[in-house]
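J.: Here is how the chains run, residue by residue.
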Amino acid sequence: MAVFFILILYHSLPLFRCNIGMKRNFGDRQYIIIIIFALTGLIFLVRLFWLQVIDDRYILSAESNVLQKNIIYPNRGLIYDRNGILMVYDEAAYDLMVVPGQVKEIDTAAFCSLLNITDSVFRVKMNKARKYSWYKPSLFLAQIGKEEFGFIEEKMYKYPGFFVQSRSLRKYPLPVAAHTLGYIGEVNNSDIEKDNYYRSGDYIGKSGLEKFYEKQLRGRKGLEVVMVDVHNREQGSYRGGRYDSVPVPGKSLYLSIDATLQAYGELLMQNKIGSIVAIEPKTGEVLCFVTSPTYDPNLLVGRIRGSNYKSLTEDSLKPLLNRAIMGNYPPGSTFKMVNALVGLQEGVLHEYTSYSCYGPASSPIRCTHDHISPLELQEAIEQSCNPYFWNVYRSMISNPTYGSTKEAYKVWRNHVMSLGFGAKFSTDIPFELSGNIPSAEYYDKVYYEGHWNALTIRSLAIGQGEILVTPLQLANLAVVIANKGYYYPPHLVESLGTKNNYIEAYNTRINSTIDSSHFNVVQEAMLEVFEGDHGTARWSKLPGVKICGKTGTVQNPHGEDHSMFIAFAPKENPKIAMSVIVENSGYGSTWAAPIASLMIEKYLNDTISRPMIENRILNGNLITKE
Amino acid sequence: MRERKSILQNLDWTTILLYFLLVIIGWINIHAAVYSEAHSSLFDFSHNSGKQLIWIGTSILIAAVILIIDAKFFSAFAYPIYILIIMLLMGVLIGGKEIAGSKSWFQIGSFSLQPAEFAKFATALALARFLSKIDINFRDWSTRILAAFIIFIPAGLILLQHDTGSALVFSALVLVLFREGLSGKLLWLGLFVAFLFIIALLFNKFIIIGVLAAIAVLAIVLNKYFRKRWLIITGIFLLASGYVYSVDYAFENILEDHQRKRINVLLGIETDIHGAGYNVHQSKIAIGSGGITGKGFLNGTQTKFNFVPEQSTDFIFCTIGEEWGFIGSLVLILLFIGLLTRIVFIAERQRSKFSRIYGYGVASIIFFHFAVNIGMTIGLFPVIGIPLPFISYGGSSLWGFTILLFIFLKQDSVRLELL
Ligand SMILES: [Zn+2]
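So the protein sequences, as listed, match chains U and L.
Just so we're aligned: 281 in numbering that gives the first Met the number 0 is position 282 of the first sequence, and the numbers increase by one with no gaps anywhere.
Just so we're aligned: 55 in numbering that gives the first Met the number 0 is position 56 of the second sequence, and the numbers increase by one with no gaps anywhere.
BS3-like mimics (lysine-lysine), calculated; alpha carbons at most 27 Å apart, straight line: (1) L:K294 <-> U:K68; (2) L:K260 <-> U:K130; (3) U:K281 <-> U:K574; (4) U:K135 <-> L:K260; (5) U:K170 <-> U:K220; (6) U:K68 <-> U:K250; (7) L:K294 <-> U:K135.
Computed spacing ranges between beta-carbons, pair by pair: (8) L:H161 <-> U:S132: 26 to 36 Å; (9) L:H161 <-> U:G235: 36 to 46 Å; (10) U:S132 <-> L:V64: 51 to 61 Å; (11) L:H161 <-> U:K127: 36 to 46 Å; (12) U:E104 <-> L:K184: 51 to 61 Å; (13) U:E146 <-> L:H161: 49 to 59 Å; (14) U:D27 <-> L:F151: 20 to 30 Å; (15) U:D27 <-> L:D134: 16 to 26 Å.
To be clear, the hints were calculated from the coordinates, so they are not data collected in a lab.
Idealized CB from N, CA, C, for every residue including glycine.
Work out the full structure: start from the sequences and follow the hints.
T.: Below, the structure is given as structure tokens:
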């Protein structure tokens, strides 16, 4: 171009015309030549000024060429049980990475069989990697376990362009408490959008405690900025590691769960559908959180996760469902104690108030138990007399002192909810359901205002109807009764990081609206359930330990009734309170009560002195699979 | 003794200073281009920077020998030297060693030599000898044809070695012919031909022929002068059309794939930052990332970590651009322009026509290397593998340029004795 320009210039100047003289020296042409040289230099300088000073794209390109940010993954926090037994730890695992530009001709068939993948999977993964970058590493195969890796590693030298990056996999030495612990999995796009800490391929807690305590467990990733050459070979750290950061390991969780009790609970519940929730009454710490059927948490780890997850979701027994919090049951007879407590608090009931029972002839609610009549409160609880609690309930809801049914109901509902029903505890227990204590407004809507009364909603007297509670809330009811009027919000984690770093928020005592004096008669009645001559759980009593309990039967329109039981022990200075639900097992006394009794024995005495009962439970198979 | 002293006195020390500055800049940057923690010595003879030091030393020896030889030797033996080199070029075609696709090297022990590098000064000598004849006249076709032969024989032989870059260097000697009186119209013609060439690659040949036809018709219709010469205009049009057509044909059928690709990338028809465009792309990144002041000596990353290919030979300018920034690039370009201007200035003060013409040969060859080499690293020219004079790593290249320059300096030192 420069030359072109000069020639135009040259021909436009008559001075330089070449045909002026025959014999010419042409010495003037030296200036044209010098101008050509100078112009070339000038064009270069303009171009260089543009490249080097004005356009800063190249600085960024140079950095992305040469700087490689290696993420150093911290160890995820460990999880211990209340006695320091390790429940979850990290085991080394390996991600197979590929740099497509470095992949040479390889024996694809051998490679695929080594990795146990199909040829088409290989091609899809390679294309994906090539699309991402020819020179930067892409994830080829994630989470190769230790044993598998040893096998693959030996052959890796045959496959240039592939290399292995170490990661970690969750490992569960005791295959228990799968639902409580939860699992981790690769982040999805919405996780990345929500929190820019995550990069594609990172792991995140997907459920359970892994999810709830994700921020504490994950720690902080470290970064190592290294320089790489054109073949992506590391050439040392960038500027002496000035931009590097050390990974911060995740905090450990110390659970309130007693792993031994949890394992025992899962053992007892095998071949049964249901749940056991046990809580330490003095603290609200959840001792065990059994849901059945359950699964081995090791199944949802690493490469096998996908297929296992699929088969678990397809299982008709829904092993992924955490029945201890997601199960919504009508509380049945266990709710009679609630009505008793509310009646006592409101003064419409006294310890010695007596009502008659006409057994199956009773109206509007029949009695299903055979007992003396008339009877007082303690006996009524012990015998689970439906007509008695209908009377208690009616004497409150229909009491004119409240002004209206609706006002009376509101007072009643307020008491019930103060016992922990109808709302979530909102602690670290994920996916918790709130159950249901219907509001007065709800009944207004269903029956129209002023058109409903005690009779309309009589089922509530015996814990049926619209009322729904979770096993966790039932266990909490046992706690409130054990504590005579208060509870701590049930929670799973005692402390974070170190053993004694307690979580303050969970140490707030919540008082119910019921005075502690009203609990004595309820406790005595519950003690009689085990100790009394006619107690429904007398066959399950534990010599030497005063257990208080209450059976419940939840009517199940789809089949055999659900067996329900709440209990706490010992009566004085209680150490454990619990709810047990065994679905489709009939009366509470047959399955739920002995399970509760065995759990209490295991927890308090650490040994089982009644092998007969234990064997009956272990051998019981209540699952009828369609 | 007296005579030798006078040689030193009459030498152009400005040029020699520029020469040494460029050579040292080259040596330092070769060191930087291949530098690594493990090889951190400038004098490590197993490395390019150490080897270059050997080449520099031997170049100084060669320069000294040239300065001692009688100045008349070069004009007297211009043709024999030229013929010897032609024979070497033919020899390398038969017994040469192929390096990187070019069969242009002689292997003597562990030592390889590229005759093409020496063909440049030999051709400049022969051309100077031919054009310095007293009765030379560029109006004679015989002169034009003979001059063209002197230039094209070595260029053709080098082209046969698949060393396109070195062959193209000889086209720079057109500048010498221009200085000696070759009509500007011929250069115009040459440029028109080159312009048509590029246009032919960029656009559809029928469109170009259509546009040419339109121009020709307009010229004949609107201009009296052209109307009288309609036959010539028509002839030019037909020739141009045939040329465009054959360029298109040659490009599609004769050029090799990689050459075609490089031209396409340069013309912006193809963008391929991993293939043919990769080198230029990386080269621009290296230079562009240097900023105003550069990353500092040995702190460049793009060249050191091999993102830029041939970083100590053809792409040595990347290291300078990256580590010394715009300031460094500016200094280097000014040094080159200074040297070229100085050579032209010296050439013009020669009384001997031979010396003057040879001087222009030196200037045009160095200029061509400088323009094409830096032009390609900053993306203004296609990637043509020719070294940056005095800077790039390589014995043959440094020797070749040293001989080229110092023959001229020798001529200059005795300019008052020559006629
Ligand atoms: Zn009854």
